[in-house]
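**Q** What follows is each chain in one-letter form.
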Amino acid sequence: MSSPADLLQSRIIELLPKLRRFARSLTRNAHDADDLLQGALERALTHLEQWQSDTRLDSWLYTIVKHAWIDELRSRARRERTFEGAEQAEAVADHRGDASGTLSVDQALACLPEDQRLAVALVLIEGLPYKEAAQIIGVPMGTLTSRLARGRQALQQLLGPGDSA
Amino acid sequence: MIIPDEILAAYVDGELEGTERARVEQAIAQDTQLAQRVAQQRALRGRLRDAFDGVLQEAVPQRLAQAAKLGAPSGPAQVIDLARVRAQRTRRGNGQRQMKVRRYSIAASLVVGLVVGVLIQRLSAPGALTEFHDGSLLARGALARELNEQLAGSAPSGVQVRIGLTFRARSGSYCRTFALSGSRSLAGMACREQEQWQVLNLVGAEGPGATGNGQNLRMAASNLPPALLQAVNERISGEPLNAAAEAKARSNGWH
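Line by line, the protein sequences give chains A and B.
The opening residue of the first sequence carries number 0 in numbering that gives the first Met the number 0; numbering runs sequentially from there.
The opening residue of the second sequence carries number 0 in numbering that gives the first Met the number 0; numbering runs sequentially from there.
Be a bit skeptical, because a hint or two may be false.
[What the hints assert, rightly or not] A short, non-exhaustive set of chain A residues, derived as facing chain B with CB atoms under 8 Å:
id : residue
1  : Leu15
2  : His46
3  : Leu102
4  : Ala109
5  : Glu113
6  : Val122
[Unchecked claim] Label pairs and their computed distance ranges (CB to CB):
id : chain 1 : residue 1 : chain 2 : residue 2 : range
7  : A       : Arg78     : B       : Met0      : 26 to 36 Å
8  : A       : Gly137    : B       : Gly157    : 25 to 35 Å
9  : A       : Ala76     : B       : Glu148    : 26 to 36 Å
[To be verified] Okay, the calculated bits of chain A under chain B, using three or more residues with CB under 8 Å as the criterion:
id : stretch
10 : 16-28
11 : 33-41
12 : 146-158
None of these hints come from the bench; they were simulated from the model.
Glycine residues also receive a C-beta, built at the ideal position from the N, C-alpha and C atoms.
Please model the entire structure based on the sequences and the hints provided.
**A** Listed below in structure tokens is the structure:
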């Protein structure tokens, strides 16, 4: 049977590896990433009617993962404010302190502000066109490119010269 | 030639085309420093991808594949085709005197494969969500209200009825799927006929003994059960309405 619904389902399943990669680059933790994606998929399927068939399915799903991540960050921020805000701030400061090109990609990404990390994840890791990435983040193209530029610059600094690749 | 960073980045990201692209390529060919900057940018992209591409090779965990399935309930769901039940009923005669008998026979057919207690209760309790009228099962109470008013995804938590897809049937009338939450889950489809919401399908999952409470809840709150999806596919004309079209249909009174 290949009804529209079946077709849609198989396309979502095909996209799962990429969605996992995106979630991993945001959370930088395999387990958190899969939790995030699972929540996002449940959200997506509840609101399937909001997907417009003339827009890219992957962009729509990336957007939902992004929303889920922002929600997660907010609730983490609430928890951290109550319990361990100071520790977290120090950990980030430490990373910035030894920014001498010896960090792993993971650690370097962790140092970026969230908005830059999103831009980097969508364009440099997921390989999306600027237009799609800007739509997913919900900002104009100019904002996307400047976040991307700042993110790139910071990563170059944190990771050192790129000749290890 | 001076190439600003953002143009160089756009080049590396594959965003430049035509003459602009050719211009940058020409500049790179003539300027080793520029070529080095491009190489650095490419290397950064490469390092980032190398760090995360491993994910693509991993097996997708079962729970994600499961979550991606449209309306995959963990217990078997059965669809009740009310039109078929009604046809059976019509063959049995249609006098007013037989109304009461008919009512019970329809109810009895309906609950085959369903959680008997819930449906009987829902169909017949005071303030019930449905009512038999002239052989049709019509939405009443909270179900009728939510079918009229609720836009998908806007239901506050704790609401008993959640609207799923809204679409136009081939007959031209609007149809909406819904899920009822309660001690056990039921989902269904209702279509607008003669200023009423006529319930055409109801799908029930097996009781909590077979599937567990959490999974039942999830089915009620999110996915369309496959049997219901199939019923939608058989009826739908075109695509489901998007949020704007749904709101417009509501403001036009579902005409």
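**Q** Could you run down the list of hints and mark each one as holding or not?
**A** Checked hints:
1. Leu15: 5 Å, holds
2. His46: 5 Å, holds
3. Leu102: 11 Å, violated
4. Ala109: 12 Å, violated
5. Glu113: At about 17 Å, which exceeds the 8 Å cut-off, the nearest Cβ of chain B leaves the hint on Glu113(A) violated.
6. Val122: Where the cut-off is 8 Å and the nearest Cβ of chain B is about 6 Å from Val122(A), the hint holds.
7. Arg78(A) with Met0(B): 26 to 36 Å: 52 Å, violated
8. Gly137(A) with Gly157(B): 25 to 35 Å: Taking Cβ atoms as reference, Gly137(A) and Gly157(B) lie about 29 Å apart, which means the hint holds.
9. Ala76(A) with Glu148(B): 26 to 36 Å: 35 Å, holds
10. 16-28: It holds, with 6 qualifying residues against the three required.
11. 33-41: holds (count 5)
12. 146-158: Check passed, 6 qualifying residues.
Checked against the numbered hints above, the structure violates hints 3, 4, 5, 7; every other hint is satisfied.
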